[in-house]
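> Relying on the hints, combine the two individually framed chains into one complex.
Protein chains in written order, with the working numbering: chain A, 1 to 184; chain B, 1 to 187.
Watch out, some of these pointers could steer you wrong.
To be verified - The calculated lysine to aspartate or glutamate pairs, modelled on EDC-like cross-linking and capped at a C-alpha distance of 16 Å, are:
no., chain 1, residue 1, chain 2, residue 2
1, A, Lys100, A, Asp8
2, A, Lys73, A, Glu57
3, A, Lys64, B, Glu133
4, A, Lys95, A, Glu71
5, A, Lys117, A, Glu103
6, A, Lys53, B, Glu180
7, A, Lys95, A, Asp8
8, B, Lys44, A, Asp182
9, A, Lys73, B, Glu72
10, B, Lys44, B, Glu180
11, B, Lys44, B, Glu183
It should be emphasised that the hints constitute simulated quantities derived from the structure, not laboratory data.
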Amino acid sequence: MIKILRKDRWSPYLVGTGIGMLSWVTFAWMNKTLGVSTTMVRAAGAMESVVAKSHVESNAYFVKYLGTALEPKPVFEWQFALVVMLFFGALLAAKLAGSKFEEQVPGLWAWRFGSSKWIRYLGAFLGGVILLFGARMAGGCTSGHGISGALQLAVSSWAFFLSMIVGGAITAFIIFGKGGRDHV
Amino acid sequence: MFENFFADPVTLFKGALAGLVFGFLLQKGGVTRYRVILGQFLLKNFTVIKVMLTAIVVGGVGIYAMRAMGLEVALHIKNAALLGNVLGGLIFGVGMAILGFCPGTGVAAMADGARHAIPGVLGMLVGAALYAEAYPFLKSEILGIGDFGKATLDSVTGLSPWWFIALTAVIAIVGFVGLERWEKRRA
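Excised from the complex, chain B in its bound form (with noise of 0.2 Å):
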């Protein structure tokens, strides 16, 4: 299991630079600290809300329109078993609201001072291990269930893609013009 441990130099010089630029992105946009996700659940500070969203709209918009153009770009679409996504996505929400971080910003922010973040990776290295240990389980009890494989909103409806794209920058660019406008009565 163990004979090759590294991949290639290429594909690990390109993983590196991937996760710099992301690691620096993340702490300077604040989501390296645990009042900041917290204040998102709490409804209070929405700046996760703001960076996600926009990465999803910036992030499609490319996408798409370099497969439009013709260019070789594979989406990697992964399995619609609704029932772990949900109940995962649950679970991941609990977890996430005690530790105060998610896995990538977990990491992050041990770099960005935070000492409990430590305690925080070592626990998902344990999360990691139980959950190989239970699923066997989970596969045959939990993840069959409302499988639609490899499903994205245009297959499923039949509609463009940019329906999506659109609707999604839609409600980025509104909710982020009364968020601010909000935000501003507020101080």
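Next up, chain A with everything else stripped away, as it sits in the complex (with noise of 0.2 Å):
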């Protein structure tokens, strides 16, 4: 067992099977599914309101998720801890499999644009803001709609999983062409 949880690599199969064994417990146990770029609205809202709080309370969007000041909803709920933990998740499974790997530019980017640290952050940066803008718009990102919503086989989430898969594979290759399957 041990040595299974050590090991550098799962095959994707496996690692796809037990995510979707794991949104049995989620959905049967906990009535949830699994999802991400919710609590990334609710940590926005609530670190927006420390410095403007009466703007935060007065958007739609934010008092969708995090209630009134009348009624507040919980900003660190079952989705919040969720995320929280799946950094550490992570990180327990780099440590177990003795990972050393550092990445500040990665080779592909580097190829494109040059090895410049503060360049790839910001690209990093703006990459960010775009995704999560348009997860929002969508109503999910790629675990909510692509795996939680695709696998209920919700029409918006399909909608979603595919364009997310063209809008990707059009921007990668304006980006980087055919030259960057050398880099990957």
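In structure tokens:
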């Protein structure tokens, strides 16, 4: 058992099966679905409220997830706990495998944009902004729509899943081109 | 708005447990790596689609089987506001190709040595805040278009959900066998 946990990589089919079975547990026992991006909304709202409380409380989108001043909803709820422990789960997996992996600028990015760490950080930041904006417009991300929604056969989730693949592939080919394949 | 900051401990424990397992699996699957995600979009490395499709098939079979056995397992269907789903999906894809992670794998990647995932996750928080500002406009102009409510493939076609689960399983299995052969030939 320990040997398996220390293994560097698992088969993607094994990992997929594990995530599928994890979703059985979240549906049947917890009455919840695996998801991540709503937590970014709660976290952003909570942080923004430190400097602009009334602005956050008057925003319809934040109210949807965080409630109103009179009827507040918890910030740190099921999915928030999931996202925090997601970090530690990945950390545990990496440590058990003895991973020393550290990356500031990925090879493919460096091949296209140079090895400047700050240019990559700026790119990653902008990518994150675009990514989450899209996720919220669609109503979920790779977990909430791509896995949890698609397995329930939700029309919304399959529409998102296919659009996401198309959008990502087109963007990757525009940015890196076919030559990028030699660097991933 | 922030008076009851924490949900009850049992709920938090359950979420924490699910997150721990989820993060562990994502790292073991290698999808916490930039090159694996970009390899998928550049159609060279198919790890992401293997993980996702397997999870969809295994998850779907189990959840619909539990429901068929009469267990009380509620579905959680998100609204099919198709213009929002498709436009949002395309925008999401653009962001994911630039960042090289999605929200879940981005958080996990921070723990897996990817320093550049940190500004990525900070960007996500800013993206969430920007979306909240744009929400009133988007709600009135975009999110109402193509709204079919909580539609599922079986509810819109009137067919049994098992047809779609079987179809997804067949596509997955045929696709995976083909992919494995192709990968072996290329190697």
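> Each of the hints needs a verdict: does it hold here or not?
Evaluation of the provided hints:
A C-alpha spacing of about 11 Å is found between Lys100 of chain A and Asp8 of chain A, which places the hinted pair at or below 16 Å, so the restraint holds. Among the hinted pairs, Lys73 of chain A with Glu57 of chain A is consistent with the structure: their alpha-carbon atoms are about 12 Å apart, no more than 16 Å. Taking the CA atoms of Lys64 of chain A and Glu133 of chain B, the gap is near 13 Å; set against the 16 Å cutoff, the hint holds. At roughly 42 Å between alpha-carbon atoms, Lys95 of chain A and Glu71 of chain A are farther apart than 16 Å, so this suggested pair is violated.
Under the criterion of a C-alpha separation no larger than 16 Å, the hint pairing Lys117 of chain A with Glu103 of chain A is consistent with the structure, at around 10 Å. Taken as a hint, the Lys53 of chain A and Glu180 of chain B pair is broken in the structure, with Cα atoms around 54 Å apart against an allowance of 16 Å. The straight-line distance between the Cα atoms of Lys95 of chain A and Asp8 of chain A is roughly 10 Å, inside the 16 Å bound, and the hint therefore holds. Of the supplied pair hints, the one linking Lys44 of chain B and Asp182 of chain A holds, its CA atoms being roughly 9 Å apart against a limit of 16 Å.
For the hint linking Lys73 of chain A to Glu72 of chain B, the alpha-carbon distance of about 26 Å lies beyond 16 Å, and the restraint is violated. At roughly 12 Å between alpha-carbon atoms, Lys44 of chain B and Glu180 of chain B fall within 16 Å of each other, so this suggested pair holds. Between Lys44 of chain B and Glu183 of chain B the CA atoms are separated by roughly 9 Å; this keeps the pair inside 16 Å, and the hint holds.
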